[in-house]
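> Sequential numbering of the sequence shown, starting at 4, is according to my numbering.
Don't read these hints as lab results, they were simulated from the structure.
Because the structure is a prediction, the values reported are computed rather than measured.
Built from N, CA and C at the ideal position, the CB exists for glycine as well.
Heads up, some of the hints might be wrong.
Unchecked claim - Simulated restraints, written as ranges between beta carbons of each label pair:
id, residue 1, residue 2, range
1, Ala243, Pro34, 27 to 33 angstroms
2, Gln221, Gly100, 49 to 55 angstroms
3, Arg154, Gly205, 39 to 45 angstroms
4, Glu213, Gly52, 22 to 28 angstroms
5, Ala243, Gly191, 52 to 58 angstroms
Unchecked claim - With a straight-line cut-off of 16 angstroms between C-alpha atoms, the simulated EDC-like cross-links for lysine to aspartate or glutamate are:
id, residue 1, residue 2
6, Lys203, Glu36
7, Lys18, Asp125
8, Lys18, Glu67
9, Lys203, Asp72
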Amino acid sequence: MSLTRLHSRKEPAIKPAAIIVSHGQPSDPDPAEAALAGFAAEVARSLPGWHVGSATLAKPGALEAALADAGAGARIFPYFMTGGWFTGEALVQRLEGSRAVVLPPFGLDPGLPGLAAALLTDEMTAQGWHAPEVRVFLAAHGSGRSTQTARDTQAFAAALGQLLPVAELRVGFVEEPPYLADQAFDLGTRAICLPFFAAKGGHVLDDIPEALDLAEFQGVLLEPIGCAPGAAALVARSLARAQVPA
Numbered sequence: 004m005s006l007t008r009l010h011s012r013k014e015p016a017i018k019p020a021a022i023i024v025s026h027g028q029p030s031d032p033d034p035a036e037a038a039l040a041g042f043a044a045e046v047a048r049s050l051p052g053w054h055v056g057s058a059t060l061a062k063p064g065a066l067e068a069a070l071a072d073a074g075a076g077a078r079i080f081p082y083f084m085t086g087g088w089f090t091g092e093a094l095v096q097r098l099e100g101s102r103a104v105v106l107p108p109f110g111l112d113p114g115l116p117g118l119a120a121a122l123l124t125d126e127m128t129a130q131g132w133h134a135p136e137v138r139v140f141l142a143a144h145g146s147g148r149s150t151q152t153a154r155d156t157q158a159f160a161a162a163l164g165q166l167l168p169v170a171e172l173r174v175g176f177v178e179e180p181p182y183l184a185d186q187a188f189d190l191g192t193r194a195i196c197l198p199f200f201a202a203k204g205g206h207v208l209d210d211i212p213e214a215l216d217l218a219e220f221q222g223v224l225l226e227p228i229g230c231a232p233g234a235a236a237l238v239a240r241s242l243a244r245a246q247v248p249a
């Protein structure tokens, strides 16, 4: 082979890699692991040429296997709604020794308030309601160990309120005051509850409906924002624009 032909050879391009990470369900990790894998596949459809894996922290060995598949320098996308202990400490500790780059969590994406506003507007249109007569209840997780969770949730609510001129926008939490049931009282019939969660875990399936029943909520309960149409495309855009060290 000639020297010219040797010099003309190109090194194969490194395939961009990402891992979408969520908390999962420690008592029964497999369903959440499968659901997250399905979501990652949806994200991958918007990122041709990428490797997009997934792992829940609750599934033993899942993150380590995903890191091995992705290779060095993978973008880690926390499919969490806020900053706090899990994204700031637990996840970082699990990644120690790898060259993975942790991105901001899903709930802090600047495009998320717009996605939520569009989702709520579609529901209001379907109900024949107008925004100034509708009350929105944001049902969130909260935290007993970090004030960051509530701050991030309230910041999202403020951004959503700027985009959607509803009659009232309330926030309630599972794990800290103001609690869900206390905030869900007296919202009237033209009300929409939007769970500020990434997936359908126990809080979405059990705690939120129980609190709404206790408060005699008469409005509409939506799917969690992380399950909304457009969520996967939003994650894909966030991954594509992320700046990572060379």
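> With reference to the structure, classify each hint as holding or not holding.
Checked hints:
no., hint, in the structure
1, Ala243 - Pro34: 27 to 33 angstroms, "holds, 29 angstroms"
2, Gln221 - Gly100: 49 to 55 angstroms, "holds, 52 angstroms"
3, Arg154 - Gly205: 39 to 45 angstroms, "violated, 24 angstroms"
4, Glu213 - Gly52: 22 to 28 angstroms, "violated, 45 angstroms"
5, Ala243 - Gly191: 52 to 58 angstroms, "violated, 41 angstroms"
6, Lys203 - Glu36, "holds, 12 angstroms"
7, Lys18 - Asp125, "violated, 37 angstroms"
8, Lys18 - Glu67, "violated, 19 angstroms"
9, Lys203 - Asp72, "violated, 27 angstroms"
Checked against the numbered hints above, the structure violates hints 3, 4, 5, 7, 8 and 9; every other hint is satisfied.
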